[in-house]
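Use the sequences and the hints to build the structure in full.
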Amino acid sequence: MEKTKQWGWSPQWRKCCRGRKRKNTLHPHKERQHLPVAAEQNRQRWLFAVYKPPGVAWNRVRDAVETRLLRELNAAPAWPPRSRIRFLPAASAGPPGLVAVRVPVLAEHRLVRGPRFTQLKIGAGHRLDVKASGVFVLGVGHGNKILSHLYNCHLSKVYTVRGQFGKATKDFSDTGKLIEKTTFDHITREKLERILAVIQGTNHKALLMHSNIDMKTQEAYELAVKGLIRPMGKSPPIITAIRCLQFALPEFQLEIHCLHETQQYLRKIVHEIGLELKSSAVCTQVRRTRDGVFTLDDALLRTQWNLQSIQNAILNCQLRVKTEIEKTMSHWDGTCAPGGTSTSPLG
Amino acid sequence: MAAVAVRRALRAARLPPVPRRGLAKPAGPPSARQLREADEAAPIFQYVGKAAKRKDRVFVWGFSYSGALGVPSFVKPDAGWKKPRRIQATPYRLETEEKITSAACGYGFTLLSSDTTDITKVWGTGLNKDSQLGFQRSIRDRTKGYEYVLEPSPIPLPLEEPQKTRVLQVSCGRAHSLILTDSEGVFTMGNNSYGQCGRKVVEDEVYSESHLIHQLNDFDSRVVQVRGSSESKSEDGLKTGLGHYNITSVPTKLGGDIAGVNIIQVSSYGDCCLAVSDEGDLFGWGNSEYLQLASVTETTQVNVPRHLPFKIGKIKEAACGGTGNIVLTEEGSVFVWGYGILGKGPNLTETAVPEMIPPSLFGWSDFSPDVRVARVRCGLSHFAALTNRGELFVWGKNLRGCLGIGRMEDQYFPWRVTIPGEVVDVACGVDHMVSMVKSFM
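Protein chains in written order, with my numbering: chain A, 1 to 347; chain B, 1001 to 1441.
Taking lysine-lysine pairs in the DSS-like style, the calculated list, with each CA pair at most 27 Å apart, reads:
#1 B:Lys1025 / A:Lys177
#2 A:Lys226 / B:Lys1311
#3 B:Lys1050 / A:Lys181
#4 B:Lys1053 / A:Lys191
#5 A:Lys205 / B:Lys1397
#6 B:Lys1076 / B:Lys1129
#7 A:Lys234 / A:Lys322
#8 A:Lys157 / A:Lys131
#9 A:Lys145 / A:Lys157
#10 A:Lys278 / B:Lys1053
#11 A:Lys268 / B:Lys1438
#12 A:Lys278 / B:Lys1055
#13 B:Lys1055 / B:Lys1099
#14 A:Lys181 / A:Lys131
#15 A:Lys327 / A:Lys216
These aren't lab readings, by the way, just hints derived from the structure by calculation. Only a predicted model underlies this, so the values are computations on that prediction, with no experimental measurement involved.
Here's what the structure looks like:
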């Protein structure tokens, strides 16, 4: 009798399970769900960026990408069905006895087992809130581990923020409850740039203070000259650079490079700029144009959320992600360890 | 029939239709139309008009027990919850009656002046043991004067035309003050034990509670700048650059390499002096113990002005500190030399040749490439630099909180001071600083 696989709570199943839960590995009898990529590429950095539209929560975007990928993977042609020899009773007309017949194994048929892929591990990088839009980094499979290494690199992100003078609302955006309306005809581009210079200056000071380096060392001086001082742990939101791209009263557009920020913090900055200019301002648009090494050109639009485009995007970004992580890790290895990593990301 | 119809029609025409109150509807989120109407009905506030001017403010920080900061509640608290504040570590706003155009810090005292045509033009605060702030009559005893002045108090000047003359500049030394006016020369007061007030030295003169304000009026040409400095502790007396080491109590023209050269700026502190000519050349004389003039001489004292042949470009401004010097070139680069915390990290403690401080420490980057240093100032052992964006950078020894960075530790490279305004000018003293600031709007 051939060996059959045991399922359920039989002693053979439980013997296999012993120790598995602690190791968190898959059951030896279950099929490991691999994406159809060649074996030597399995340990690469599977990260890609999508463009999150405004008005949609980030987890919905992640779910939509996962659903589309699953649909395409399950629609791919399956392995040809296995067949086995069965000894079936002979046909009624003919000598009695068993006849060897080759029949397909129905237990492995797609309609019996269900779709081959039911779930894909897609992780999200730095999140975007509902009203914001822009570059949103996702990781597939092994890329999820790389996401945490990218987070520990503490790279800055670039946003374009649009604001409008004249109104102040409760949640600092133009759809919130109106608090106050003010005049704004006294505002000029020069005054706005003066305020932006001050914001940049105080944030530069915060950058140096939160980077946990002793200011009395020669090394701190060298890093400050090169501009390489950066907080490598938790810190409050810091703006590394800010400038005005467009200015047409009452609207204006700013480009902000920041670290450890939230989009609501950027809206609050727009509100505070309005207060400093003795007027008020609301934020009409927050759009992330760059997240670490991923720019707007790498972000996939909704029409491109399919397997082929995602694979191309992953291949395009792999080298950049690898060099960026290597650069940051090698630079900070000797001086101070970044928060939380003990294993090498390049293994 | 027709009459009844006519009467009904008339009644309807006379009385307007009565508004009937229907059943109350539940409140829901405001519709788009309600939001728009609320938006349009909201009143518009005006905080500032188109022609609003920027306000001028004065910020002070440093050691406050001498009264030099001009805030009496730091020394003598006037409310129960206030505690005496020995050191003000971050910039503190000083309320002044007039717009202050010039300020100077001495050792424990401050002078503020305004170019108004009012009677009161100069205010002084701080130490007054040598009458460096003039005679401040005490309220309790009308014959005596105050030794410490805790608030900016007016200094009465013996002007011929008090309502026409304007005060251009004030300057302070260790224990004496100089006030430059536009038409009545220079007024000096304070300690004169080495002739630094420009009058003859009187033996055993008592300087405290003195009413004497000396006026220097006999110069060949117009005086454009005054500079007082701390006197040296050696026995040679004040370094005058006149070719001898005796005390001079009468202003005398300088010789040496400087003869015949148009000088646009002079700076001195401690025992060393620097002068900048209109062609961008630098001249120095005085003490050279700390390698300030080591590029031209091996001796430690130079009594004749010598040209300092540094190949760093045309020099716009120079400032002397107690042990280090700083210059600013036309392109906006900052060079330091001398001894002490020079601003290039803890490893560079002394150099005879000027070293440039990288502009990236002053806020220059690819994002903002037009940031340039506009002014440099020097205190006894610290430096200050002002950029064209109105930011103030300080570095050096943090004596009793004089840097204003909120910490008491020394700062080895330029560090931004957070001031709510655009800094126009700054005056550095030994342990305190005063800055003149324009508000943002």
